[in-house]
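Going by this note's numbering, 638 is the number at position 323 of the sequence shown; the sequence numbering is gapless.
Some hints could be false.
Said to hold, decoys possible - Here are the simulated DMTMM-like pairs of lysine to aspartate or glutamate, each with C-alpha atoms no more than 25 Å apart in a straight line:
| # | residue 1 | residue 2 |
| --- | --- | --- |
| 1 | Lys662 | Glu583 |
| 2 | Lys673 | Asp650 |
| 3 | Lys595 | Asp674 |
| 4 | Lys527 | Glu496 |
| 5 | Lys617 | Glu496 |
| 6 | Lys625 | Asp560 |
| 7 | Lys592 | Asp560 |
| 8 | Lys617 | Asp560 |
| 9 | Lys662 | Asp675 |
| 10 | Lys352 | Glu694 |
| 11 | Lys671 | Asp618 |
| 12 | Lys482 | Glu462 |
| 13 | Lys595 | Glu462 |
| 14 | Lys625 | Glu615 |
| 15 | Lys625 | Asp466 |
| 16 | Lys673 | Asp651 |
| 17 | Lys671 | Glu615 |
| 18 | Lys662 | Glu571 |
| 19 | Lys592 | Asp554 |
| 20 | Lys349 | Asp651 |
| 21 | Lys502 | Asp554 |
| 22 | Lys697 | Glu686 |
| 23 | Lys482 | Asp522 |
| 24 | Lys697 | Glu615 |
| 25 | Lys697 | Asp675 |
| 26 | Lys662 | Glu615 |
| 27 | Lys595 | Glu496 |
| 28 | Lys495 | Glu583 |
| 29 | Lys595 | Glu571 |
| 30 | Lys502 | Asp396 |
| 31 | Lys592 | Asp650 |
| 32 | Lys662 | Asp650 |
| 33 | Lys617 | Asp554 |
| 34 | Lys592 | Glu496 |
| 35 | Lys395 | Glu462 |
| 36 | Lys502 | Glu571 |
| 37 | Lys592 | Asp651 |
No lab work stands behind these hints: they were computed from the structure.
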Amino acid sequence: MQKLLSTLLVLVLAPLVVLAQNKYPIWGNVVNGKVNKVHLIGHSMGGQTVRTLAQLLNKGSAGAPVAEDVSLGGLFAGGKDWVHSVTTISTPNQGANLADVLATIGETVKDVIIGVLATVNIGGSTTKAIYDAKLDQWGLAARGSAETLSDYLERVFSSRIFRPGFKDIASWSLSVPGTKEESTWVKTLPNIYYYSYATSDTFGARDLLLRKIELPNVLTMNPIFQPIGTFLGSRWTPDNGYGVDWQANDGVVPVESQWQDYTGAAVEFSGRSVIGKWNKMPLLDHMDHAAIIGITLHTEVKDVYVAHAKMLASLPTRSSSGMTTTAIAMDAAADDAGFGVAMAVAKLNAATARVKTKDDIAALCASPANEFVASYCAEMLKSANTTRRLRA
């Protein structure tokens, strides 16, 4: 299975790396004894993707049953220490139990996908392009001109590729068993800084039998995520072997899964970055799975990205001769930038925590900047009018 996955990833990632090299032609070149590296940041499954890319560049795709295209110049032959840091955001680093959820409340998951369109206000002819699943290799043609989005999704989810045990698809890599399998060869590398941001938008509660559950924050979690957030936070999770620590979630991914992979060591981020280990960044609270990528009323999200970028830019680089005076000075600068990240997250968390009533949402929505914000505001205000929740 590892050989198959390595082969598929080589075929998919190689063109993207070539494109990146065209945009940043000095990537991988040695200047003044140091390699020009890049920082990779990925949201959701994108975090798993960039981790795998770093692994392939550094350790190669040895054992893959197909030969690499000669035009790539041995891109994935290994030995390429080209990545300075990997940042995962809302990423199921230990997998997401959504595969199990899909089998149980599949219709709700489909409704969530349709709801994303409504929330971001995408429609018209672009809808067809966005919802072509690009699965022609499995006999799934693009959405027909007279086919409703609901019918198209029904056809997609009815395919054999979504049946239990099918591994040649992204949903396997996102699953808990799939993530465990990939952790056997996608490692936390000693020469790369790793950062993980976890998002959470549920709160602890008790069911009628006084058992622990988690429920969505209805004033901050996008209503399209609330059914899944409720389900993941219900007794279904511990009853199916995941433990109560997997109940807190962002509407898509359990918080516990977002911090690190199954094999790499982790440290709580305290301002100083530790290389070769997962730096667990401050929790992004009252933030659902999409809020951290801008589908939110809180502009403070941008400040977190700016602070994180400044921290990455300040990370020390080391030549083959080891630690230098300049590198030591950069360590101090990185410490300062690290505290800047903590402050930015604290500012964002304070802003989201202030949303306690419908009036607070209305105040944030008083002057929507564009059509997207107006559409999002309408959905959130509508959700605030009801206490509707799935039974936990």
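Hints versus structure:
1. For the proposed pair Lys662 and Glu583, the alpha carbon gap of about 19 Å is at most 25 Å, so the pair holds.
2. Under the criterion of a C-alpha separation no larger than 25 Å, the hint pairing Lys673 with Asp650 is inconsistent with the structure, at around 39 Å.
3. With a C-alpha separation of about 34 Å, the suggested pair Lys595 and Asp674 falls outside the 25 Å cut-off, and the hint is violated.
4. Note on Lys527 and Glu496: the hinted pairing is violated, with a Cα-Cα distance of about 30 Å set against a maximum of 25 Å.
5. For the suggested pair Lys617 and Glu496, the alpha carbons sit about 35 Å apart, so the restraint of at most 25 Å is broken.
6. Distance check on the hinted pair: Lys625 and Asp560 sit about 32 Å apart at the alpha-carbon level, beyond 25 Å; violated.
7. Between the alpha carbons of Lys592 and Asp560 the distance comes to roughly 22 Å, so the proposed pair stays at or under 25 Å and holds.
8. Distance restraint check for Lys617 and Asp560: the Cα-Cα separation of roughly 29 Å exceeds the 25 Å cut-off, and the hinted pair is therefore not satisfied.
9. Proposed proximity of Lys662 and Asp675 is supported: the alpha carbons are some 17 Å apart, at most 25 Å.
10. Under the criterion of a C-alpha separation no larger than 25 Å, the hint pairing Lys352 with Glu694 is inconsistent with the structure, at around 42 Å.
11. For the suggested pair Lys671 and Asp618, the alpha carbons sit about 22 Å apart, so the restraint of at most 25 Å is met.
12. Proximity of Lys482 to Glu462 is assessed by CA-CA distance (about 28 Å); at most 25 Å being required, the pair is judged violated.
13. For the hint pairing Lys595 with Glu462, the CA-to-CA distance comes to about 45 Å; that exceeds 25 Å, so the pair is violated.
14. About 16 Å separates the Cα atoms of Lys625 and Glu615, which keeps this hinted pair within 25 Å; it holds.
15. Restraint check for Lys625 and Asp466: not satisfied, since their Cα atoms lie roughly 46 Å apart, outside the 25 Å limit.
16. With a C-alpha separation of about 38 Å, the suggested pair Lys673 and Asp651 falls outside the 25 Å cut-off, and the hint is violated.
17. Distance check on the hinted pair: Lys671 and Glu615 sit about 18 Å apart at the alpha-carbon level, within 25 Å; holds.
18. A C-alpha spacing of about 23 Å is found between Lys662 and Glu571, which places the hinted pair at or below 25 Å, so the restraint holds.
19. Taking the CA atoms of Lys592 and Asp554, the gap is near 32 Å; set against the 25 Å cutoff, the hint is violated.
20. With a C-alpha separation of about 24 Å, the suggested pair Lys349 and Asp651 falls inside the 25 Å cut-off, and the hint holds.
21. Taking the CA atoms of Lys502 and Asp554, the gap is near 30 Å; set against the 25 Å cutoff, the hint is violated.
22. In summary, the hint linking Lys697 to Glu686 is supported, as the alpha carbons are separated by about 17 Å, within the 25 Å threshold.
23. A threshold of 25 Å between alpha carbons decides the hint, and for Lys482 with Asp522 the separation of about 36 Å lies outside it, so the pair is violated.
24. A distance of roughly 23 Å separates the Cα atoms of Lys697 and Glu615; the hinted pair therefore holds under the 25 Å criterion.
25. Under the criterion of a C-alpha separation no larger than 25 Å, the hint pairing Lys697 with Asp675 is consistent with the structure, at around 13 Å.
26. A threshold of 25 Å between alpha carbons decides the hint, and for Lys662 with Glu615 the separation of about 7 Å falls inside it, so the pair holds.
27. Between the alpha carbons of Lys595 and Glu496 the distance comes to roughly 23 Å, so the proposed pair stays at or under 25 Å and holds.
28. Of the supplied pair hints, the one linking Lys495 and Glu583 holds, its CA atoms being roughly 23 Å apart against a limit of 25 Å.
29. For the hint linking Lys595 to Glu571, the alpha-carbon distance of about 11 Å falls within 25 Å, and the restraint holds.
30. With a C-alpha separation of about 14 Å, the suggested pairing of Lys502 with Asp396 holds against the 25 Å cut-off.
31. The straight-line distance between the Cα atoms of Lys592 and Asp650 is roughly 16 Å, inside the 25 Å bound, and the hint therefore holds.
32. For the proposed pair Lys662 and Asp650, the alpha carbon gap of about 19 Å is at most 25 Å, so the pair holds.
33. As the CA atoms of Lys617 and Asp554 are separated by approximately 38 Å, the hinted pair breaks the 25 Å bound.
34. Restraint check: the Cα-Cα separation between Lys592 and Glu496 comes to about 20 Å, which is no more than 25 Å; the hinted pair holds.
35. Among the hinted pairs, Lys395 with Glu462 is inconsistent with the structure: their alpha-carbon atoms are about 47 Å apart, more than 25 Å.
36. A hinted pair counts as satisfied when its Cα atoms are at most 25 Å apart, and Lys502 with Glu571 qualifies at roughly 19 Å.
37. Straight-line distance between C-alpha atoms of Lys592 and Asp651 comes to about 20 Å, which keeps the hinted pair within the 25 Å bound.
In terms of the numbered hints stated before, the structure departs from hints 2, 3, 4, 5, 6, 8, 10, 12, 13, 15, 16, 19, 21, 23, 33, 35, listed from lowest to highest.
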